[in-house]
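Each chain is listed here by its residues.
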Amino acid sequence: MHIPDGFLDAKTAATAGALAVGGLALALRQVRIRLPRRRVPLMGLAAAFVFAAQMLNFPVAGGTSGHLVGGVLAAVLLGPSAAVVVMSAVLIVQCFLFADGGVLALGANIFNMAIVGVIIGYGIYRTVRRLFAGLRGLVMASAFAAWCSTVLAAISCTGQLASSGTVAWSVAFPAMANIHMLIGLGEALITALVVVGIARARPELVEEGAPPQRYGEFAAFGLLVALGLALLVAPQASSFPDGLEKVAATLGFEHKAAAAPLVAAPLGDYQMPGVKSATWATAWAGAIGTVVVFALAWLLARSLTPKSKDDAPAPRG
Amino acid sequence: MTPALELQNLCFRYPDGTEALCGVSFAIGEGECVGLIGPNGAGKSTLMLHLNGILPERLNGAPSVFVSGRPLTTENLAAVRRDVGLLFQEPDDQLFCPTVFEDVAFGPQQFGLGGDALAARVSDALARAGIRGYEKRQPHHLSHGQKRRVCLAGVLACEPRVLVLDEPTSDLDPRGKRELKAVLRQIPATQLIATHDLELVVELCPRVIVMDEGRVVADGPTVTLLSDEALMLAHGLEKPHSLQHQHPHGSRHA
Amino acid sequence: MRLDLLDRHSRLDSPVHRQPAAAKLFVAVASVLTTVLLPVSKPAGFAIVAAVLLIVAALSRIPPVFLAKRLLLLEPIALGVAGLAVFQPDGWRVFAVVMVRTNLCLLTMILLSNTTPFAGLLSVLQRLRVPSLLVTTLALMYRYLFVLMDEVGRMSRARASRAFSVRRGTAWWSQAGIVGQLFIRSTERAERIYAAMCARGWQ
Numbered sequence: 044m045h046i047p048d049g050f051l052d053a054k055t056a057a058t059a060g061a062l063a064v065g066g067l068a069l070a071l072r073q074v075r076i077r078l079p080r081r082r083v084p085l086m087g088l089a090a091a092f093v094f095a096a097q098m099l100n101f102p103v104a105g106g107t108s109g110h111l112v113g114g115v116l117a118a119v120l121l122g123p124s125a126a127v128v129v130m131s132a133v134l135i136v137q138c139f140l141f142a143d144g145g146v147l148a149l150g151a152n153i154f155n156m157a158i159v160g161v162i163i164g165y166g167i168y169r170t171v172r173r174l175f176a177g178l179r180g181l182v183m184a185s186a187f188a189a190w191c192s193t194v195l196a197a198i199s200c201t202g203q204l205a206s207s208g209t210v211a212w213s214v215a216f217p218a219m220a221n222i223h224m225l226i227g228l229g230e231a232l233i234t235a236l237v238v239v240g241i242a243r244a245r246p247e248l249v250e251e252g253a254p255p256q257r258y259g260e261f262a263a264f265g266l267l268v269a270l271g272l273a274l275l276v277a278p279q280a281s282s283f284p285d286g287l288e289k290v291a292a293t294l295g296f297e298h299k300a301a302a303a304p305l306v307a308a309p310l311g312d313y314q315m316p317g318v319k320s321a322t323w324a325t326a327w328a329g330a331i332g333t334v335v336v337f338a339l340a341w342l343l344a345r346s347l348t349p350k351s352k353d354d355a356p357a358p359r360g
Numbered sequence: 080m081t082p083a084l085e086l087q088n089l090c091f092r093y094p095d096g097t098e099a100l101c102g103v104s105f106a107i108g109e110g111e112c113v114g115l116i117g118p119n120g121a122g123k124s125t126l127m128l129h130l131n132g133i134l135p136e137r138l139n140g141a142p143s144v145f146v147s148g149r150p151l152t153t154e155n156l157a158a159v160r161r162d163v164g165l166l167f168q169e170p171d172d173q174l175f176c177p178t179v180f181e182d183v184a185f186g187p188q189q190f191g192l193g194g195d196a197l198a199a200r201v202s203d204a205l206a207r208a209g210i211r212g213y214e215k216r217q218p219h220h221l222s223h224g225q226k227r228r229v230c231l232a233g234v235l236a237c238e239p240r241v242l243v244l245d246e247p248t249s250d251l252d253p254r255g256k257r258e259l260k261a262v263l264r265q266i267p268a269t270q271l272i273a274t275h276d277l278e279l280v281v282e283l284c285p286r287v288i289v290m291d292e293g294r295v296v297a298d299g300p301t302v303t304l305l306s307d308e309a310l311m312l313a314h315g316l317e318k319p320h321s322l323q324h325q326h327p328h329g330s331r332h333a
Numbered sequence: 099m100r101l102d103l104l105d106r107h108s109r110l111d112s113p114v115h116r117q118p119a120a121a122k123l124f125v126a127v128a129s130v131l132t133t134v135l136l137p138v139s140k141p142a143g144f145a146i147v148a149a150v151l152l153i154v155a156a157l158s159r160i161p162p163v164f165l166a167k168r169l170l171l172l173e174p175i176a177l178g179v180a181g182l183a184v185f186q187p188d189g190w191r192v193f194a195v196v197m198v199r200t201n202l203c204l205l206t207m208i209l210l211s212n213t214t215p216f217a218g219l220l221s222v223l224q225r226l227r228v229p230s231l232l233v234t235t236l237a238l239m240y241r242y243l244f245v246l247m248d249e250v251g252r253m254s255r256a257r258a259s260r261a262f263s264v265r266r267g268t269a270w271w272s273q274a275g276i277v278g279q280l281f282i283r284s285t286e287r288a289e290r291i292y293a294a295m296c297a298r299g300w301q
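From first to last, the protein sequence lines stand for chains A, B and C. Basically the numbering used here = 1-based index in the first sequence + 43. Basically the numbering used here = 1-based index in the second sequence + 79. Basically the numbering used here = 1-based index in the third sequence + 98.
Each hint should be verified, as a subset may be incorrect.
Said to hold, decoys possible - Using 20 Å as the maximum straight-line C-alpha spacing, the simulated SDA-like pairs for lysine to any residue come out as follows:
id: 1; chain 1: B; residue 1: K215; chain 2: C; residue 2: P113
id: 2; chain 1: C; residue 1: K122; chain 2: C; residue 2: S112
id: 3; chain 1: B; residue 1: K215; chain 2: C; residue 2: K122
id: 4; chain 1: B; residue 1: K215; chain 2: C; residue 2: H107
id: 5; chain 1: B; residue 1: K215; chain 2: C; residue 2: H115
id: 6; chain 1: B; residue 1: K215; chain 2: C; residue 2: S221
id: 7; chain 1: B; residue 1: K215; chain 2: C; residue 2: L110
id: 8; chain 1: B; residue 1: K215; chain 2: C; residue 2: A217
id: 9; chain 1: B; residue 1: K256; chain 2: B; residue 2: P285
id: 10; chain 1: C; residue 1: K167; chain 2: A; residue 2: F141
id: 11; chain 1: C; residue 1: K122; chain 2: A; residue 2: Q137
id: 12; chain 1: C; residue 1: K167; chain 2: A; residue 2: Q137
id: 13; chain 1: B; residue 1: K215; chain 2: C; residue 2: F244
id: 14; chain 1: B; residue 1: K215; chain 2: C; residue 2: V222
id: 15; chain 1: C; residue 1: K167; chain 2: A; residue 2: M98
id: 16; chain 1: B; residue 1: K215; chain 2: C; residue 2: T234
id: 17; chain 1: B; residue 1: K215; chain 2: C; residue 2: P118
id: 18; chain 1: C; residue 1: K122; chain 2: C; residue 2: H107
id: 19; chain 1: B; residue 1: K260; chain 2: B; residue 2: D203
id: 20; chain 1: B; residue 1: K318; chain 2: B; residue 2: T303
id: 21; chain 1: B; residue 1: K215; chain 2: C; residue 2: G218
id: 22; chain 1: B; residue 1: K256; chain 2: B; residue 2: S321
id: 23; chain 1: C; residue 1: K167; chain 2: C; residue 2: L152
id: 24; chain 1: C; residue 1: K122; chain 2: C; residue 2: T132
id: 25; chain 1: C; residue 1: K122; chain 2: C; residue 2: L151
id: 26; chain 1: B; residue 1: K215; chain 2: C; residue 2: P215
id: 27; chain 1: B; residue 1: K260; chain 2: B; residue 2: S321
id: 28; chain 1: B; residue 1: K215; chain 2: C; residue 2: A120
id: 29; chain 1: B; residue 1: K215; chain 2: C; residue 2: A119
id: 30; chain 1: C; residue 1: K122; chain 2: A; residue 2: D143
id: 31; chain 1: C; residue 1: K140; chain 2: A; residue 2: A53
id: 32; chain 1: B; residue 1: K215; chain 2: C; residue 2: S112
id: 33; chain 1: B; residue 1: K260; chain 2: B; residue 2: R286
id: 34; chain 1: C; residue 1: K122; chain 2: A; residue 2: F141
id: 35; chain 1: B; residue 1: K215; chain 2: C; residue 2: Q117
id: 36; chain 1: C; residue 1: K122; chain 2: C; residue 2: L165
id: 37; chain 1: C; residue 1: K167; chain 2: A; residue 2: D143
Because the hints were derived from the structure by calculation, they are not lab data.
Looking at chain A on its own, in the form it has when it is part of the complex (with noise of 0.2 Å):
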């Protein structure tokens, strides 16, 4: 889901670089308030520990293989904004060293994987572990923000190529989500299988992600989530493909943001031929997905869990 450069058009690139920005600072300065300082080389291992885990092959099918990403990994092993952070560097590092990702988009891909992925995912995770407690919970509440996470960070990154006129909503969002609703089962599943493995091994190490104990800390994340939702992604899907378009104008920087643009009229009425309303499908199949894998998730935790696991001390969250 890196996005490179060449495919984001300045207003959206600097729009998600600022939002990017915003999250990460907010993140650096709730760890270095929070972290006590023997933690600090910490950050910079989980960092190695996610793009070292990030290469591992998990076979699928012929020669093809899945990977694990490691947003809601890092959330639930390091907490929130730890683990932006350290999902930030693995990003940096990406971009700089791998070209894996644009240096301009640097900023897009880090809101995208690094703060949704993140902090969605981690917000769903502490509400189902509210609901579903012991290691049981803990399995299920990760594998299900795991494949919210995978799929609200499509969505997002969807939103942003669709902004900068790049791709259709209309096609970019079917194609994207559908593909990420089945990826993110992959990552559902790996991240429950490391949990559990973790857990069983070393159970103090899985409850670092200890709740913020300042309910505004997490909400000030939250905000800038919908901010940067509702700026990229919501104008695409809605019936007004030019509000940003139209924010841009009112700032009075439109006309020296985009070059030409690539396409001059707005998208969000393109349908491609032979296709009806694909988007309103992937959006029902979404709806019925979230159930669907919600249950699979409690299921998957059962298999991983039994039954007399559960009158074992388990880890609370």
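Based on the hints, put chains B and C in the right spot on chain A.
The following block gives chains B and C in isolation, referenced to the frame of chain A:
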């Protein structure tokens, strides 16, 4: 004469209650080179972490560690860390900066050195460790032995009065071991070397302390103690080959 | 295998390598910015950028085969996303423009990463007053990347030595086990690094 390093009845218990050290007491004089030997789990590494205050996590109660007569308390932690240079067993844990120069400069920088003086200190330390000119190298391109030497340079750059080494020759090939021994021989600071390499002890340390199960079980001249087969076998060690025929090898103060 | 392509040539000596990191970073970002903002109506602009990049590539003495391989490795991602661009009015033109822009930018970044040691980029970040926590995280990450990759390699080989069947289910479970072990070891290593930093007087 104030001992360079003195332990008085040092005890330590892990958070889960296991006793790691019990009543450890000894004194090491300025310039001495002392070996610390014992079976795995004897508490050697735990002991070393006490010498510069990494353990216990909170220093309270009567101090048990004295460096150049100064008790190790929370107040003089920084000063003690200047005086005691600890070389850990695993070089990868200690070599944490992106380049060799930055890593060797880390210690002196923390103590306030900068600019030309810093560069001079770094290149001097590298030279003493036998790896002159490595400033721009990156740690992950170095061999295990080279990493060891960089770590040693990093510690030497702090100009400690007491050098504490944890398994300095482990994982080194014979040439690496020879070269390291040569380097250690040149260092005038007081040295305490924890090791399984009994030949190293025979060659460099006139005095040896034997530990087992968190206690000091013997403290005396190397050749005498290491030739005592019963003592060695009783504590998971053995008589080194060089002493099999009772030939005392050259010591540091030959 | 992927790791081998990681800034392998950043230690060469060439007129490009000798430039200060800050200058190279600035030029690279400026080049990317230019490429992205170039109006489509003036294709000559792209040709100029391409020419400049090729000259820099030649001066840098990085083997062209290596550059080509790196570029090819990243094509699938670009093609995948650009593929979606086709399905819209004037789709093929959009596709072509996007591919040209993307490849020019990719080449820029590949040249940057292979002519500048990462430590150089980090010191630029420090000078730009990027928060020290982030710089430290990046520095430690870069340093221990290779160490952790080696650990993964060792664990995988050990696992493979005891695997008699390669059923997909067990493969996922044991890979996840490796990931979990890696995290636990990383936390322990982080503690040791903390001790090593304190031992040398870290404030």
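Do the hints match the structure? See the list:
no.: 1; hint: B:K215 - C:P113; verdict: holds (18 Å)
no.: 2; hint: C:K122 - C:S112; verdict: holds (13 Å)
no.: 3; hint: B:K215 - C:K122; verdict: holds (19 Å)
no.: 4; hint: B:K215 - C:H107; verdict: holds (15 Å)
no.: 5; hint: B:K215 - C:H115; verdict: holds (14 Å)
no.: 6; hint: B:K215 - C:S221; verdict: holds (14 Å)
no.: 7; hint: B:K215 - C:L110; verdict: holds (13 Å)
no.: 8; hint: B:K215 - C:A217; verdict: holds (10 Å)
no.: 9; hint: B:K256 - B:P285; verdict: holds (19 Å)
no.: 10; hint: C:K167 - A:F141; verdict: holds (12 Å)
no.: 11; hint: C:K122 - A:Q137; verdict: holds (18 Å)
no.: 12; hint: C:K167 - A:Q137; verdict: holds (17 Å)
no.: 13; hint: B:K215 - C:F244; verdict: holds (18 Å)
no.: 14; hint: B:K215 - C:V222; verdict: holds (17 Å)
no.: 15; hint: C:K167 - A:M98; verdict: holds (19 Å)
no.: 16; hint: B:K215 - C:T234; verdict: holds (19 Å)
no.: 17; hint: B:K215 - C:P118; verdict: holds (15 Å)
no.: 18; hint: C:K122 - C:H107; verdict: holds (15 Å)
no.: 19; hint: B:K260 - B:D203; verdict: holds (18 Å)
no.: 20; hint: B:K318 - B:T303; verdict: holds (11 Å)
no.: 21; hint: B:K215 - C:G218; verdict: holds (11 Å)
no.: 22; hint: B:K256 - B:S321; verdict: holds (16 Å)
no.: 23; hint: C:K167 - C:L152; verdict: holds (15 Å)
no.: 24; hint: C:K122 - C:T132; verdict: holds (15 Å)
no.: 25; hint: C:K122 - C:L151; verdict: holds (12 Å)
no.: 26; hint: B:K215 - C:P215; verdict: holds (10 Å)
no.: 27; hint: B:K260 - B:S321; verdict: holds (16 Å)
no.: 28; hint: B:K215 - C:A120; verdict: holds (18 Å)
no.: 29; hint: B:K215 - C:A119; verdict: holds (15 Å)
no.: 30; hint: C:K122 - A:D143; verdict: holds (19 Å)
no.: 31; hint: C:K140 - A:A53; verdict: holds (18 Å)
no.: 32; hint: B:K215 - C:S112; verdict: holds (16 Å)
no.: 33; hint: B:K260 - B:R286; verdict: holds (16 Å)
no.: 34; hint: C:K122 - A:F141; verdict: holds (16 Å)
no.: 35; hint: B:K215 - C:Q117; verdict: holds (16 Å)
no.: 36; hint: C:K122 - C:L165; verdict: holds (17 Å)
no.: 37; hint: C:K167 - A:D143; verdict: holds (14 Å)
The structure is consistent with each of the numbered hints, conforming to all of them.
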